[in-house]
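Chemist: Chain residues, written in single-letter form:
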Amino acid sequence: MTHRQFLLALLIGLLAIPAGSASAQRIEDYPGYFDFRQLEDVVGAETTLEVNFKGAILRMAAEAARIEDDTLADMLLKLRGIQVRGYSLDRSARKALEDRIGPLASQLAADGWDRVVRVRDDDEFVEMLIRDTTGERVEGMMVFVIGGGDNETVFVNIVGEIDPEDIGRLGRRFRIGALEDL
Amino acid sequence: MKRHLPIALALGILLPTLTGCIYSREITHIRQDVEKILDARFEREFVMTVGPRMFRTASWIAGRVPDVYAQMASDYVREIDKVKVGVYRVEDHPRTTELRMEKVRRFSRSGWETLARVEDAGDNVWVLYREKYDNVRDMLVLVLSNDELVIVKVEGHLNELVRLAAADAAFFKDLSDL
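As given, the protein sequences belong to chains A and B, one line each in that order. Letter 62 of the first sequence, counting from 1, is numbered 62 in this note's numbering, and no numbers are missing. Letter 52 of the second sequence, counting from 1, is numbered 52 in this note's numbering, and no numbers are missing.
Derived from the structure by calculation, the hints contain no laboratory data. Each hint should be verified, as a subset may be incorrect.
To be verified - A few chain B positions that, by computed beta-carbon distances, are all more than 10 Å from chain A:
hint, residue
1, Val77
2, Val118
3, Val162
What the hints assert, rightly or not - Interface residues of chain A toward chain B, partial, derived using beta-carbon atoms under 8 Å:
hint, residue
4, Glu28
5, Asp41
6, Val43
7, Ala56
8, Arg59
9, Arg66
10, Thr134
11, Gly135
Where is the CB? At the ideal position from N, CA and C, for every residue including glycine.
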């Protein structure tokens, strides 16, 4: 899936869905937030895809989602934000990036994130981490996917309360390959 | 003379509803910002602003059509205040496409946030929005291709617009479930 198709799927998915009572707290203050500026030096390439859903725009998306899927709309209302970054990288750049994302994921794990999925094969590199500071619910999720194609390097950060059972639903809805089967 | 009467009437109705229809200072400023940052030059092809009077008129007309979809359209259109469109021809191609809206003073100062940005096969798309009182009030879309820059700004109660659409969809779903 190209970045454009991914963006379209995400926008249609979200807009075919407003999120609810967002508090005035900034998304950056939530434990599950990941600051993508950390990645600028790690990736060493400009983003070719950037998506940021938060606040009123996320609520709008949840409202639009309700047209087709009430459960998804309710799930989106519990979220504080969805951030996506995509990169166009050739094979050698992807391989080099895999070597840098691994240590970054380890650093996140040391900072309190839990590594829940780790896939490494010839065509796919996936690291998925969740944040749970209370021991009761997932408060954020970070997914690093480096696929086999030039436009298949995508990093996703979901901020807010997530039921692990809903992760697959989110993946299928927004065509995030690495999440679809969870 | 009779032949031109319908056209004259149509213009008589439409013209007062268009505000600043062939010029928009805001769209021009955005174009200038983009030119500066990308080190490019764009030539105006078409700029249009459709203002609140046009939308209120359209809403009023649609509201009087005895059709449920026209009534729905009437409600949706009422939530839109203004649409501005600018289409520009690329005269000098950009030297870069690294347009980071958060670094553009005009945008960051006035509360614009980037919803999406995508670069694909030479085309670049930016979608920005602005909140007011916890609602999405403005959306701005910029599309830069090899030969054109298109700028579209929509102002209105966009959360309410989507809420209405969702409520209508739920209503029809309930009807079909009966």
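Chemist: Any of the earlier hints contradicted here, and which numbers?
Modeler: Hints 2, 3, 4, 5, 6, 10, 11 not satisfied by this model.
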